[in-house]
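S.K.: Those protein sequences? They're chains A and B, same order as listed.
So this note's numbering is basically just the index in the first sequence, starting at one, shifted up by 2.
So this note's numbering is basically just the index in the second sequence, starting at one, shifted up by 2.
Honestly, I wouldn't trust all of these hints.
Straight line, CA to CA, 25 Å or less: simulated BS3-like cross-link-like pairs of lysine-lysine [what the hints assert, rightly or not]:
id	chain 1	residue 1	chain 2	residue 2
1	A	K823	B	K788
2	A	K876	B	K318
3	A	K58	B	K696
4	A	K164	A	K179
5	B	K713	A	K818
6	B	K814	A	K819
7	A	K713	B	K814
8	B	K788	A	K819
9	A	K788	B	K650
10	A	K368	A	K341
11	B	K819	A	K788
12	B	K534	B	K828
13	B	K650	A	K631
14	B	K318	B	K12
15	B	K788	A	K713
16	A	K814	B	K713
If you anchor each label on the Cβ, the simulated ranges turn out as follows [stated by the list, open to error]:
id	chain 1	residue 1	chain 2	residue 2	range
17	B	K151	A	K601	51 to 61 Å
18	B	E723	A	K202	30 to 40 Å
19	B	E723	A	G36	53 to 63 Å
20	A	L740	B	E723	53 to 63 Å
21	A	K120	B	D593	50 to 60 Å
22	A	A695	B	T630	51 to 61 Å
23	A	K601	B	T630	41 to 51 Å
24	A	Y232	B	E728	24 to 34 Å
25	A	T645	B	E474	46 to 56 Å
26	A	Y232	B	E723	19 to 29 Å
27	B	E728	A	Q193	27 to 37 Å
28	A	G36	B	E728	35 to 45 Å
29	A	D593	B	I223	29 to 39 Å
To be clear about the criterion: a stretch of chain B counts as covered by chain A if any three or more of its residues have a C-beta under 8 Å from a C-beta of chain A, and this derived list gives those stretches [as the list claims (entries may be wrong)]:
id	region
30	249-255
31	321-333
32	697-711
33	748-757
34	766-775
Hints are computed from structural coordinates only; laboratory data are not their basis.
Note that the coordinates shown come from a computational prediction; the quantities given were computed from them, not determined experimentally.
We put the beta carbon where it would ideally sit given N, CA and C, even for glycine.
2 protein chains.
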Amino acid sequence: MSHKYVYMFKEGDASMRNLLGGKGANLAEMTNMGIPVPNGFIVTTEACTHYNSSGKVLSDDIKKQIDGCIAQLEAGTGKKFGDASNPLLVSVRSGARASMPGMMDTVLNLGISDAAAKALAKSAGESFAYDSYRRFIMMFADVVIGVSKHSFEHSLDEYKEKKGYASDENMTADDWKAIVDIFKKIYRDDQGKDFPTDAKEQLYNAIIAVFESWDNERAFIYRRKHDIPYEWGTAVNVQEMVFGNMGQTSGSGVLFTRDQVTGENRMFGEFLMNAQGEDVVAGVRTANPIEELESKNPKAYKELMDIADRLERHYKFAQDMEMTIENEKLYILQTRDAKSIGPVAMLQICMDMINEGIMTKEEAIKRVDPRSLDQLLHPVFDDAELKAAKQIGKALAASPGAAAGRVYFTAADAAAANERGERVILVRLETSPDDILGMEVSQGILTARGGMTSHAAVVARGYGTPCICGCEDIKFGKNDFTIGGETIKEGDYISLNGSTGIIYKGDIKTVDPEIGGNFATFMSWVDAVPGKMGVRTNADSPKDAAKALEFGAQGIGLTRTEHMFFDADRIPKMRKMILADTEAERRAALDELLPFQKKDFAGIYEVMQDRPVTIRLLDPPLHEFMPTKDEDFASLAKDMGKTPQQVKDRAESLHELNPMMGHRGCRLAVSYPEIAEMQTRAIIEAAIEVKKAKGYDIKPEIMIPLVGDVKETRFVRDIIEKKAAELVAAAGVKLEYLIGTMIEIPRACLIADDIAGVAEFFSFGTNDLTQMTYGLSRDDAGRILKDYIDNNIYEGDPTARLDQTGVGELMKIAIKKGRGKNPKLKIGICGEHGGEPSSIGFCHKVGLDYVSCSPFRVPIARLAAAQSALAGEKFD
Amino acid sequence: MSHKYVYMFKEGDASMRNLLGGKGANLAEMTNMGIPVPNGFIVTTEACTHYNSSGKVLSDDIKKQIDGCIAQLEAGTGKKFGDASNPLLVSVRSGARASMPGMMDTVLNLGISDAAAKALAKSAGESFAYDSYRRFIMMFADVVIGVSKHSFEHSLDEYKEKKGYASDENMTADDWKAIVDIFKKIYRDDQGKDFPTDAKEQLYNAIIAVFESWDNERAFIYRRKHDIPYEWGTAVNVQEMVFGNMGQTSGSGVLFTRDQVTGENRMFGEFLMNAQGEDVVAGVRTANPIEELESKNPKAYKELMDIADRLERHYKFAQDMEMTIENEKLYILQTRDAKSIGPVAMLQICMDMINEGIMTKEEAIKRVDPRSLDQLLHPVFDDAELKAAKQIGKALAASPGAAAGRVYFTAADAAAANERGERVILVRLETSPDDILGMEVSQGILTARGGMTSHAAVVARGYGTPCICGCEDIKFGKNDFTIGGETIKEGDYISLNGSTGIIYKGDIKTVDPEIGGNFATFMSWVDAVPGKMGVRTNADSPKDAAKALEFGAQGIGLTRTEHMFFDADRIPKMRKMILADTEAERRAALDELLPFQKKDFAGIYEVMQDRPVTIRLLDPPLHEFMPTKDEDFASLAKDMGKTPQQVKDRAESLHELNPMMGHRGCRLAVSYPEIAEMQTRAIIEAAIEVKKAKGYDIKPEIMIPLVGDVKETRFVRDIIEKKAAELVAAAGVKLEYLIGTMIEIPRACLIADDIAGVAEFFSFGTNDLTQMTYGLSRDDAGRILKDYIDNNIYEGDPTARLDQTGVGELMKIAIKKGRGKNPKLKIGICGEHGGEPSSIGFCHKVGLDYVSCSPFRVPIARLAAAQSALAGEKFD
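Isolated chain A (complex conformation) (with noise of 0.2 Å):
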């Protein structure tokens, strides 16, 4: 028997996303539930594996398997597919495992033909019939056969202005008929034979174009950004057509079961009479709210709220539907759990849910997408520059959130800016998918077309971006738009309330937000699941380390000593140390930096009280201090007795031809101990006299970076033991203090045994380790990265996510030994990734005691770390 391929919706259920993609199997669910489901079936993700893994082609047994599906739906019906007489029409459309909005292609009333036309014609009116047809041709030429749609719409436009209509509600039979045979003109011209009739042969091709779509450049970029492998694949799944636009007693409609945007429990929608479901999300025209349908059909708006609570209580989440009615029946053509949803609306459903029953606690947990969080903590407006602000606009608030920049009109002119350095607003008339690239970078989002669940909120939402969409008082110039009697020209600043939906003229400054209510609640939640790792911050000033405990760290994981010497009034001390001739002079420089580095600790200490502070001696190549304008060269000179061209000389000796390999790190400290010896005075001192000064039980974590090597490292330690035991003996109080090391080179993983026996504890320099294990310099990786992705051999960059399967190796490599020889050791990691929630799995998993990461992400990494704690799973 061959393997199944294709399956009837009655077939499946919701436990067979893998294979039925998400789309399909709850259609399967739905339709076992007993939810009025148009019939249909599903071609798997398989077949979309086995399509693209055997020459794209689509083998004889799968048309065989969706020819027996299509019989099963002739039957159930009485219609015949392809007939001229009762036509079957279907709706072909991707659903992959994991809800990817916007980025598949759909075709709807495939079937159609001159002779099907007539049929319908006779059974649901000219006017329906030809313009279902015109859809079909438009949208089959489009997405299957890659002819533009741009020129039938323009021929539409064209023939609307000719004839003096507003809308396509003006078109009359005859106006559909017209513009069906222009588009198979248009079809024929481009294609040079006509429009296919063959409804074979049209849903062969259409189920061929959703795999192609797969591999679509918009796939590539969702699927990058969601980190959703290429491996997956789609499925298909194709529908009897049901029709929302056979006059007044039809329509179609979107919704969300919870308010998207405040979480609230209400039913959040929208709904159009003669429409299909297209033109509701596409915005052209403007929807009515999902409440006025009760008016309109108060039986279908009973069903609907019963039909939703239903879906609620069995997918135990909030739900995304679609819904058409036909001739007044209700039919449910989608239900998946609600996707983008903010952080405030998700916490919100979350909090009610509990109360509701339908959620526990621990399901809220694992729910929450960690990454989401990050938009709980981004500035809001300066209240004071708000009231003084001048208000040009309103509009739909379509996500939250302060953003203020510069207009940009175009995705690239965005990504443009971006690349220079600056924020960045995007304005357009509506977005589409090739906008992705220019909305990802972008502070804020405006649009003059759309709704709430038009391409730009739902995008926005998803990146937590702020966004204001349907602003139709917006009046596009050249290179400029009007509003509110402001000409705002490209380069100018606005600035945007995603939660209002206000748009303001200028530049208004943000300010961090309040943290509490739901978030403290659910945070607390967080906190209590037991196993979770430890998190902690990279932190290099008392104010990133107080920001960082207001959002829950639990101590410093990485302090980077270097960024404190970058200071005007430090980085010439800095500058005369490096460019000393002689240790005696290089002494007295340091002499001079270690006030303003044992400030920096102190202070440091100060804020984190008992909670331990870890601080990574000096670790990058020198001459990234090095002044780059002359004037500063001559000042230095000058303060050094030395002419401009000595100093540019000295500079220039250190340049080195790979520095990310080079003289840096603990090897600054083997040249310079001298260095090590003063930055060990700052730490020890420095807790010495808060310690004395407050009470505080302090317990410096002193690390060295970037050993790959037993004596390396004991060399490196015996300075810092030896400085220390002098001050502490000096100063004749207890202080304790470890003495740990950076795990960042891949032999320091490999002979972690030995560096176990002379480091008290490990964390993970991920950054490092994944440049050095895939031999990749992260400066001049952008060039190879867009080769690997585009060639699909990388998924995205492995510096953003930890490549577990390579680096997480050698991490594990690196546990095993280093716990082998001190079960004690402690384990951390402060690279990038310590802040990145599938990294932060792998971490649980390999049994790491903290992750560390910037004041912002520690409430990602505080859930992601629960998330894995309730997971459970840890490699042996």
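Given the structure of chain A, go ahead and fit chain B onto it with the hints provided.
M.R.: Relative to chain A, chain B alone:
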């Protein structure tokens, strides 16, 4: 009971070398063989390690054990240590596990004082007593206390000059007494206190000085050169003094049991009557050939010959001995396996000893240092040029081989010239250990003083550097020297034939040596060792390949295709290819390169015939091919129809921050598949053509560099396979080929199982693998390595000698994973380490199939591989 740190000679034997040091173990062995050895004891290497690890203090326990042994010496001789009437005098000598000639310090006549000297004068004559005393004062002051011996030597010279003495032989007892007083004054002036008279204090301090001398710079340099770990430490031999300087019935000598230069079976040595051993070695007086001893003391001569024969048979190798005759009685002070034997002599000795039944072939293979073979392979003078050359002098042929270079007179100048890329001949009055760094970089060494066993001769033979010694005709000027009527200035060229002792004016061309005779016989045994790894070569041209074949290579393990593009007629095309703006332009440029590349490969195939040829696809970052000069940019721009600035800008855009980890290796093939296609075409087409023309069974091995991911490997593999299949099909001949990968990125090792699924062979690129594993760029490592070696963190450069702990661990992981997936996977190595003996040993243990190295290293690798096979060790 305390640990035993001191052994009497009779308590030890030759097997205790690690504990007693080489010299001590042999003294113990000889004592127990009944050879006449002055009695003594050994302070062990463990005592040295104990001293170094316990704050550099000689423990009371060790002192007590030493005292006990001194008491035994006293009991045996009836003398008393530190006694005024019958003083026991001892020598204190270092003796490390591995012999370190000239590196460690020695103190003679220890135990002497004013009173002891007086007693000694009574029993052995005043002149002898005070000569011994002054020797002791100077040695002790210099070696133990650190008072420069220069002031002692200077005052002795002054004294002799004042007296009008030509040499030390004119000195009377009173003169020596006066000198003793002068020396004591020098000591007092320098140290602010009197010369120490307590014998025990002298002894402890002398032992400490030997331990400390393990830490001196010369010892570090020697250990670095000879891969001796710091941890081994040195033992100290304390031995009753016997005196060769007790008048004309006494004498000292050093000898080798075989001819050091030719290997001939004849005693080879020198002696001086009325002299201590140091006088012979230092070459202060010209010594007599050992044969002349027969007439002076036939009994001692006969005894010496007998002992030499016994020792050779006992140790199964030629011996390097020191002897002293005191009042006609022969003492053997030392024996050890002869070191610093050039390979010509070494092979002769082995051949003879096998014939004499002293050693087996297998023992011979184990005995020869693979690195020494290097010397056999180096050029000799071109006959024609040699005939025309002007001979300007002749002296001792101290180390064989031909060398030509510019003359420098100090080690520092020689080293500086070497850094400038000059070939250097170091010309010195005599050399000392301080000259080591200069000697190391010289092509040849010429000295005016000293014999065949002088420092210069011994060291030069060890290095395989041609050396001519004892050329007393040389007259030094201010910055030149005169010989044979010619004045040679600093920077002038001379040529040395170290095999004949002849010095030539000018720069004589050298030619490759004939390989045959003993070498060929020996290498045939080497290749017959069962279980030996294959040895291939790295060769980029037919010429290299032919040379490597001559040296016994079994195939090519690495052809670097990039080197082929640097020729003047190719580089412009390469540059055009790189700077092309479009794929079409790039393909056009590649089409121009194809014929060159194809011709190169065809030439190599023709040389290698049926042997395997591994060709690596383009590897380096493209900017390495860019011009640096303005005129090159200009001509390139003209050729490409662009402005020079455009070309410069494009070249600039190739700049990378860390090119080592940038856009190179297979990453180039991902970005520009057309490059890999062109190279595949050249490889396959050339193979097809040569196969057709010559009938060789050519099976190219195409190697993908820098892989770190399985999909990336598959991507490039697909390009190669597709193109190769096309070409093979079109040619209509059967051609097999392999596709494999370099393993040079840490991640490749960690996912080697996956990669083995798409590769038929692996070749470790341990150059890059070492750099990435250490996170250390070889280009930038100069300063770092210096500091690490100076601080005793690294023993040497890990890119020269494979790091078995870290990099080796990654290799083990890769082999285990790779063979686990594909048991037939062929695995080799093609980095620098492939020609380094200790690394080759590791490669054998981990189960590699072959090593590949540069042509001149092939014989070294063959021998090292055979030795590894004989050692028979394998990791599981």
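S.K.: Starting from the hint 51 to 61 Å, judge whether the C-beta atoms of K151(B) and K601(A) obey it.
M.R.: holds, 54 Å
S.K.: Would you say the C-beta atoms of K120(A) and D593(B) sit inside 50 to 60 Å of each other?
M.R.: holds, 59 Å
S.K.: Tell me if chain A covers the region 249-255 of chain B under the three-residue, 8 Å CB rule, please?
M.R.: Coverage by chain A is violated for the region 249-255 of chain B (0 residues, Cβ < 8 Å).
S.K.: Within 25 Å, alpha carbon to alpha carbon, are K788(A) and K650(B)?
M.R.: holds, 24 Å
S.K.: Within 53 to 63 Å or not, the Cβ separation of E723(B) and G36(A)?
M.R.: Taking Cβ atoms as reference, E723(B) and G36(A) lie about 54 Å apart, which means the hint holds.
S.K.: Given the proposed pairing of K819(B) with K788(A), does the C-alpha separation stay at or below 25 Å?
M.R.: Violated, at roughly 30 Å.
S.K.: So if I understand the rule, the pair passes when the alpha-carbon distance is 25 Å or less; does K788(B) with K713(A) pass?
M.R.: holds, 15 Å
S.K.: Kindly confirm whether 41 to 51 Å is satisfied by the beta carbon distance between K601(A) and T630(B).
M.R.: The hint (41 to 51 Å, Cβ to Cβ) holds, given that K601(A) and T630(B) are roughly 48 Å apart.
S.K.: Taking 35 to 45 Å as the hint, is the beta-carbon distance of G36(A) and E728(B) inside that range?
M.R.: Distance hint for G36(A), E728(B) is violated at roughly 59 Å.
S.K.: What's the verdict on K164(A) and K179(A), does the C-alpha distance respect the 25 Å limit or exceed it?
M.R.: Between K164(A) and K179(A) the Cα gap is close to 16 Å, so the pair holds against 25 Å.
S.K.: Given the hinted pair K713(A) and K814(B), is their alpha-carbon gap at most 25 Å?
M.R.: holds, 23 Å
S.K.: State, for the Cβ atoms of A695(A) and T630(B), whether the hinted interval 51 to 61 Å holds or is violated.
M.R.: Distance hint for A695(A), T630(B) holds at roughly 60 Å.
In this structure, the hints that do not hold are numbers 1, 2, 3, 5, 8, 11, 28, 30 and 31, in rising order.
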